[in-house]
Structures are given as structure tokens and as C-alpha cells.
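Student: Chains as they are written, first to last, in the working numbering: chain U, 15 to 483; chain H, 515 to 703.
It is possible that part of the hints are untrue.
Result set (DSSO-like, lysine-lysine): computed pairs, CA atoms no more than 30 angstroms apart in a straight line [said to hold, decoys possible]:
| hint | chain 1 | residue 1 | chain 2 | residue 2 |
| --- | --- | --- | --- | --- |
| 1 | U | K223 | U | K355 |
| 2 | U | K355 | H | K571 |
| 3 | U | K235 | U | K280 |
| 4 | U | K355 | H | K669 |
| 5 | H | K669 | U | K398 |
| 6 | H | K575 | U | K216 |
| 7 | U | K454 | H | K669 |
| 8 | U | K280 | U | K439 |
| 9 | H | K637 | U | K31 |
| 10 | U | K305 | H | K637 |
| 11 | H | K637 | H | K613 |
| 12 | U | K355 | U | K67 |
| 13 | H | K637 | U | K216 |
| 14 | H | K669 | U | K216 |
| 15 | H | K613 | U | K454 |
| 16 | U | K223 | U | K67 |
| 17 | U | K181 | U | K59 |
| 18 | U | K305 | H | K669 |
| 19 | U | K67 | U | K216 |
| 20 | H | K669 | U | K280 |
| 21 | U | K235 | H | K571 |
| 22 | U | K31 | U | K260 |
| 23 | H | K571 | U | K280 |
Just so you have them, the derived chain U footprint on chain H, three or more residues with Cβ under 8 angstroms [unchecked claim]:
| hint | stretch |
| --- | --- |
| 24 | 567–576 |
| 25 | 595–605 |
| 26 | 624–638 |
Here are some, though not all, of the chain H residues that point toward chain U, as calculated from beta-carbon distances under 10 angstroms [to be verified]:
| hint | residue |
| --- | --- |
| 27 | L549 |
| 28 | S550 |
| 29 | V551 |
| 30 | E553 |
| 31 | E555 |
| 32 | I558 |
| 33 | E563 |
| 34 | L608 |
| 35 | K613 |
| 36 | V614 |
| 37 | H616 |
| 38 | C663 |
| 39 | G665 |
| 40 | C667 |
By construction, these hints were calculated from the structure, which means they are not laboratory data.
Quick caveat: nothing in here was measured; it's all calculated off a predicted structure.
All C-beta atoms, glycine included, are put in the ideal place defined by N, C-alpha and C.
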Amino acid sequence: MTSETWLEQALSQSLTKPLTHLVNLDQPLDLQGYVQAGGYIGATKALTQLTPKEVLDIVSDSGLKGRGGAGFPTGMKWSCVPALQDESKQAEPSYLICNGDEMEPGTFKDRYLLEGVPHQLIEAMIIASYTISANKAYLFLRGEYHVAATRLQQAIDQAYENNWLGKNIQGSKYQLDLYLHTSAGRYICGEETALINALEGKRATPRAKPPFPQVSGLFGKPTVVNNVETLSNLPHILKHGSQWFKDLSPNSDPGTKMYAACGQVKNPGVWELPMGVTIRELLYDYAGGMKDDVNLKGLLPGGASTDFLVEQHLDTPMDFDSIGKAGSRLGTGGLIVLGDKHCPVAMVLNLLRFFAQESCGWCTPCRDGTPWVVEILTRIEQGKGSPADLAQLEDLCDFMWLGKTHCALAPGAVEPLKSAMRYFKDDFEQHIEQGCCPYKSSNNEQQGEQTESEKRVREGVSQGGENDE
Amino acid sequence: MSNNNSDFSVHPRIPSIMVTDEEIDFRQYLSSAELSVIEHEVSIMETREAAGIEALKIVQKHRGWISDDSLIAIAQCLQISSAQLEGVATFYNLIYRQKVGHYVIHLCDSISCHLTGYDEILKVIQTYLGIGYGQTTPDGEFTLLSNVCLGSCDKSPAMMINGQHYHSLTNESVVSILNGLSQSAGGSV
Chain U
15 MTSETWLEQA LSQSLTKPLT HLVNLDQPLD LQGYVQAGGY IGATKALTQL
65 TPKEVLDIVS DSGLKGRGGA GFPTGMKWSC VPALQDESKQ AEPSYLICNG
115 DEMEPGTFKD RYLLEGVPHQ LIEAMIIASY TISANKAYLF LRGEYHVAAT
165 RLQQAIDQAY ENNWLGKNIQ GSKYQLDLYL HTSAGRYICG EETALINALE
215 GKRATPRAKP PFPQVSGLFG KPTVVNNVET LSNLPHILKH GSQWFKDLSP
265 NSDPGTKMYA ACGQVKNPGV WELPMGVTIR ELLYDYAGGM KDDVNLKGLL
315 PGGASTDFLV EQHLDTPMDF DSIGKAGSRL GTGGLIVLGD KHCPVAMVLN
365 LLRFFAQESC GWCTPCRDGT PWVVEILTRI EQGKGSPADL AQLEDLCDFM
415 WLGKTHCALA PGAVEPLKSA MRYFKDDFEQ HIEQGCCPYK SSNNEQQGEQ
465 TESEKRVREG VSQGGENDE
Chain H
515 MSNNNSDFSV HPRIPSIMVT DEEIDFRQYL SSAELSVIEH EVSIMETREA
565 AGIEALKIVQ KHRGWISDDS LIAIAQCLQI SSAQLEGVAT FYNLIYRQKV
615 GHYVIHLCDS ISCHLTGYDE ILKVIQTYLG IGYGQTTPDG EFTLLSNVCL
665 GSCDKSPAMM INGQHYHSLT NESVVSILNG LSQSAGGSV
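Turn these sequences into a full structure, and let the hints guide you.
Tutor: Here's what the structure looks like:
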């Protein structure tokens, strides 16, 4: 496809797929290309025609909610910044941080935006920084996203060269310095106060709230932390207006959403769709349905730290309210799909191992609770569990729940565990009654294959050895 | 298998000679390239300690890992205690506080890879290299580590070797990748 045809096609979707219409994972648009495709119009409008308060009002009116998992209204988050409550405080230092520490297992939506259209995020960060009167912004990127890091740094350099960053941006009085910070791999850095500690060079344990970062965040100054996808909506909301944003979605949660599916589906991927597409549509129309000949056992609707949903929930719209009413959370909007030939206990064990490893260790319920759950689940999965173990797991779910921990990591671990024990109760009990994993018979077949594959590997090793010589 | 690798990872790291902070002068220890990156990072943050992660990463990039001496030198440079910097260094999965091989394999073991056959890929790698998690091959070429979700769930199973990502792994593709790296490693010696 020529670049003209690509651009033409892309622009035809600018009003329906604002976030992704310019995504090009092979070769993202440089600054000139992005401007030609309609980029930086939103930022120009903000800097030249609107006061910070007016930008805030547009974003508040659009009803944009945070896309990082919690779904908190963005306008409300910003409005707590002192500079927006009292104009005399605009000169005081404050910071914008873009949370690009995408480490929630089963979540990969932000990577598309970071790698595929880096200038969109920079434009968004200019708008957000201007609104909260921040003159310094940090883009906090997870350490493993090397491609994104290279592309973002190039885009930042281009933005400086073309006066989209630095002093007197595009002739305005506004100044912004934007820095890319790459992390070194730790899940908890995605929690906003832990992220702030990480940026300060401290051990990245979450902070107690209050004070909230909007009042006292990075280096003790007012700080707003927003997710990549949340911010990426801003250029489009400013360009097309808040009413357009609300009209994108058929229900009360406005805008589009980066939905994804992975696990045991035919066609895993990311799709930008109107907020509120049903799980069934996402699973069957976009992700191609279940892989091979497996049937749906259950799914996590928005990353590893959300509750399981099952067959009966398939017609639930994927928006914050509806998924909440179904007993789970929209989270990051990425389905993790489990088929009926895979052991749900093994799946939950994998999830809890992750949370136990990534617990920062600050508070006892999380530090001790998550490995304890792993120990019990391991026992059950190996067929050595007892009915008392199930009662113990229930107790632990209670000990690690909201209000008893320092941050949301342990409650996030409880969500898939507790819901699995509800929906897959029979599976847990069968492990205990039968003294083995009931899914083992199919595992045995796999193990036979593994012996074969191990043989092939050994042959490969000896061949490699010969070549080396 | 463990005999080859009993030096580290199996046992906790205990320095044989205790080095005190005073015995290292960071100005002599750190290279000018390392110092300039660290000072640049300091210049864009409000405090010297905020450059900690970047400093650890740049020294690791030059030297492969963070030794006790490196840790002490960086801490001096940033005017913080080495104990404080150790708390930061050990917090992150991608900072190596033990010597690692020329190639560091980070195999994703999170949920999507778990659901799409990560177990088998792990066995293939372990059989090929003759090492387990946390170990390094006797020739010092490969270290095997697990990694939390690499964000490649649409192309799982996935792994990362020296910053390069590999997707949609099969038993065959993993062997072919490792063969390729083994040969280039052999050639460079």
C-alpha cells in the first residue's frame, strides 16, 4: 500500500477510531507526517485559544474516564490540582506523568499507541501539562518496551526541534520540558504513588493516601498521573469537541476503548471500538472465537486483577458500569480467555504466583498472604489439598481485601481467586476428592509429546555443537 | 545440572571480601561515558538520588551487571548510601546484582503465555542449555530468567533476549533462535 492510500484510509476513520486511525506499527508517522494527518491541531487550539480552566471544562464535560484500570473521571482528577482551583498558584511547580508502565498480565493495548503513533501521546501530554500548569512532564515507560522507547525519544527530539516542546511553544507563553524515563521492570511501578517513588529514585513502594498526588506528588509538588490511552484521547476531544466524544459510545460511558483479547482464542489482538461492545461481540466477532476445539470456560474481562466472568455474562457490555454490575471490573479492557480443556486451578495459580512475586512487601497481608495462597493452590493443583484448604483460601481472600492492605495489589489478586472459587467450585473440589488434577489426562498426552520434542531438541543441540566446532 | 552453576543463583550472594565505601573513588571507578549519562539524568531531575535507576542501567549496560563495587561507586556519585541504592537495585527485575551470561534470556511466564504453551517452551530451553531459572551456562554465554508479562499477549508465548523480543514461539523456533545465538557467540570468541 502506498503511503497516500494508507493515509487516505487512515483519515477516513479519524472520527470513529480516533486513537488508532494513525497507528502504524511498522513505521510510525514522523512529526511532519503527523501534522499533515491533522496532528497537533488539538494542542494548538488549547495553547492559543483556551485557558487551562476551559480545557478542563471540555475534558470534564466529555466524561472521559481513566483507561488505566480504575476508571476515575479524568476531569475530576485534574480539578484537584491547586493551580486549577486558584489561578495564583499557576506559577508553582507541578508535574504531569504519563503512566506507560504497562505490566498488567494480559494487557498490551498501550504498546500499540506507544509504538504506533508516538506523536499523538506527545501532543496529549502537552495538552494535559498545559491544563494543570506543569512545565515538566515525564513519560514513565516500562523497561521492556525497547521499540517504544526508541520511537518515543525520536518523537520527543523532533518535537523539541520544531518548537512543540521547550520554551514559548508555537509562539505562546507556555513552556514544557518532556522527558522519557524507562523503568527496570517491576509491576507495582504502575501504581501511581509507587511510580512517583520510582521516579524519585526511591524503592517503588506505594505511598499512603492522602495526600493525593494532585496535591503532593513528585518531589512533594502537585502531580497528575494519567494512563497512555487516557491521555491519547485529549487531542481528539479538543479537536472535535466533547459532544462528539460522548456520541462515539451508545451508552453512558463515552468514547472509544482499546479492547483486546488473548489466551485461548483464535485471533488475539487489539481493537478500538465504541465503549460498550459486548463480551460476545469482542470474543467471537473480533477475536475469532475459541481456539481449536475448546469451549469457553471463563474469562477475565480486564487484565489479571479482575474477577472471572463466564458464559452467562457474554452479553454484558464492556463498559465500567455494566462489567461492574456483572461482578467484575472493566480494568484495562483486555480479555484473558480460558478454554475448558485447561485447568482453572492452574490458571489461578499462575496469576497468584505473579502477584506473590510482584508484591512490594510493604504490608503484611500482601507480603505473606499472596505466597500463602500460592502454597495452598500448589498443593490443591498437585492433588494434595484438603477441604480445610478451601476454607483457608476464603479466609485469606478476606484478609487481603480492600481496606486491609496498603494498596490495591493484594485485592487485585483476590479478584480472580475468589471468583474462580465461586464459578469453578467443582474443579477445586474434584482436585481434592480425586487427589489429582482432573485435567491431568490431557496433560499426560502432552507429556508424551514433550518427550518427543525433547528428543528433537537434544538432536538440535548435538547438531549445534558440531557446527560450532 | 546444578554442579555447573553452583557458584551463584542457588546460594545467596555473600561477598568474599567486605568492601567499605571509602575504598572506592567513584571518579576513578566510573568511566566518563557513564558519568556523563548519570549527570545528564541528575540535571533533569530535582534530586541526585532520582538518577538512581538510570545510573544502574547505564553501568550495567557497560559492564553487564552491577557488582558491589559498581553499586558503591554509583551510590557515592549520587551522594546516597549504598544500602539505599541496594534497596532500589534489588527491587527491579532488570537490574542484575549477580554476574550474568553474554545473553540473558527473559522468558515470559505470565498468564497469556501460560495459556498458550509456555511450559513446553521452558522445557525446550532448559533441555537445550542444560540450566534452570537463575542459572548461567558453564561457558558464560546464556543466563535463563523468567519475566513477568512482556506485553506480547497477542503473540504469545514470548521471550526477550538482550532487549530483543521474540514472539509466537514454537519448540522449533526457540531451538533455531538459540542455535543462531550459540553460533554467533562461538564466532565472537
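Student: Each hint: holds or not?
Tutor: Status of the hints after comparison with the structure:
1. A C-alpha spacing of about 43 angstroms is found between K223(U) and K355(U), which places the hinted pair above 30 angstroms, so the restraint is violated.
2. This hinted pair does not check out: K355(U) and K571(H) have alpha carbons roughly 43 angstroms apart, beyond 30 angstroms.
3. Distance hint between K235(U) and K280(U) is unfulfilled; the C-alpha atoms sit about 47 angstroms from each other, more than 30 angstroms.
4. About 21 angstroms separates the Cα atoms of K355(U) and K669(H), which keeps this hinted pair within 30 angstroms; it holds.
5. Of the supplied pair hints, the one linking K669(H) and K398(U) is violated, its CA atoms being roughly 34 angstroms apart against a limit of 30 angstroms.
6. The hinted pair formed by K575(H) and K216(U) meets the criterion: a straight-line CA distance of about 21 angstroms does not exceed 30 angstroms.
7. In summary, the hint linking K454(U) to K669(H) is supported, as the alpha carbons are separated by about 26 angstroms, within the 30 angstroms threshold.
8. With a CA separation close to 27 angstroms, the supplied pair K280(U) and K439(U) stays within the 30 angstroms bound.
9. A distance of roughly 42 angstroms separates the Cα atoms of K637(H) and K31(U); the hinted pair therefore is violated under the 30 angstroms criterion.
10. For the suggested pair K305(U) and K637(H), the alpha carbons sit about 23 angstroms apart, so the restraint of at most 30 angstroms is met.
11. For the given pair, K637(H) sits about 24 angstroms from K613(H) by alpha-carbon distance, which is consistent with the 30 angstroms threshold.
12. Between K355(U) and K67(U) the alpha-carbon distance is near 54 angstroms, which puts this suggested pair outside the 30 angstroms criterion.
13. The straight-line distance between the Cα atoms of K637(H) and K216(U) is roughly 37 angstroms, outside the 30 angstroms bound, and the hint therefore fails.
14. A C-alpha spacing of about 34 angstroms is found between K669(H) and K216(U), which places the hinted pair above 30 angstroms, so the restraint is violated.
15. Taken as a hint, the K613(H) and K454(U) pair is broken in the structure, with Cα atoms around 39 angstroms apart against an allowance of 30 angstroms.
16. A C-alpha spacing of about 26 angstroms is found between K223(U) and K67(U), which places the hinted pair at or below 30 angstroms, so the restraint holds.
17. For a cut-off of 30 angstroms, the pair hint linking K181(U) to K59(U) stands: about 18 angstroms separates their Cα positions.
18. Restraint check for K305(U) and K669(H): the C-alpha separation of about 14 angstroms stays at or below 30 angstroms, so the hint holds.
19. With a C-alpha separation of about 33 angstroms, the suggested pairing of K67(U) with K216(U) is violated against the 30 angstroms cut-off.
20. Distance restraint check for K669(H) and K280(U): the Cα-Cα separation of roughly 11 angstroms lies within the 30 angstroms cut-off, and the hinted pair is therefore satisfied.
21. Distance check on the hinted pair: K235(U) and K571(H) sit about 27 angstroms apart at the alpha-carbon level, within 30 angstroms; holds.
22. Pair hint K31(U) plus K260(U) holds up; C-alpha atoms about 13 angstroms apart against a cutoff of 30 angstroms.
23. Of the pairs offered as hints, the one joining K571(H) and K280(U) is violated, with about 39 angstroms between alpha carbons and a cut-off of 30 angstroms exceeded.
24. With 4 residues bearing a CB less than 8 angstroms from a CB of chain U, the stretch 567–576 of chain H meets the requirement of three and the coverage assertion stands.
25. Chain U is given as covering the stretch 595–605 of chain H, and this holds because 3 residues of the stretch bring a CB closer than 8 angstroms to a CB of that chain, at least three being needed.
26. Here the stretch 624–638 of chain H counts 9 residues with a CB under 8 angstroms from a CB of chain U, which clears the bar of 3, and the coverage holds.
27. Taking 10 angstroms as the C-beta cut-off, the interface hint given for L549(H) is violated, the closest approach to chain U being about 17 angstroms.
28. For S550(H), the interface hint is violated, the least distance from its beta-carbon to any beta-carbon of chain U being 16 angstroms, above 10 angstroms.
29. Hint status for V551(H): violated, given a least beta-carbon distance of 13 angstroms to chain U, over 10 angstroms.
30. Hint on E553(H) is violated. Least Cβ distance to chain U is approximately 14 angstroms, over the 10 angstroms limit.
31. Among the interface hints, the one on E555(H) holds; its C-beta lies about 9 angstroms from the nearest C-beta in chain U, closer than the 10 angstroms criterion.
32. Of the supplied interface hints, the one on I558(H) holds, with its beta-carbon coming within about 5 angstroms of a beta-carbon of chain U, less than 10 angstroms.
33. Annotation: E563(H) was flagged as interfacial toward chain U, and the flag holds, the nearest CB pair being 4 angstroms apart, inside 10 angstroms.
34. Below 10 angstroms, beta-carbon pairs count as interface contacts, and L608(H) has one with chain U at about 4 angstroms; its hint therefore holds.
35. Taking 10 angstroms as the C-beta contact cut-off toward chain U, the hint placing K613(H) at the interface is violated, the least distance being around 18 angstroms.
36. This hint is violated: V614(H) has a C-beta 14 angstroms from the nearest C-beta of chain U, more than the 10 angstroms allowed.
37. The interface hint given for H616(H) is broken, as the beta carbon of that residue sits about 14 angstroms from the closest beta carbon of chain U, more than 10 angstroms.
38. With its C-beta approaching chain U no nearer than about 4 angstroms, C663(H) sits inside the 10 angstroms limit, and its interface hint holds.
39. At a threshold of 10 angstroms, the smallest CB-CB gap from G665(H) to chain U is about 4 angstroms, leaving the interface hint in force.
40. Interface restraint check: C667(H) against chain U, minimum CB-CB distance 4 angstroms, threshold 10 angstroms, status holds.
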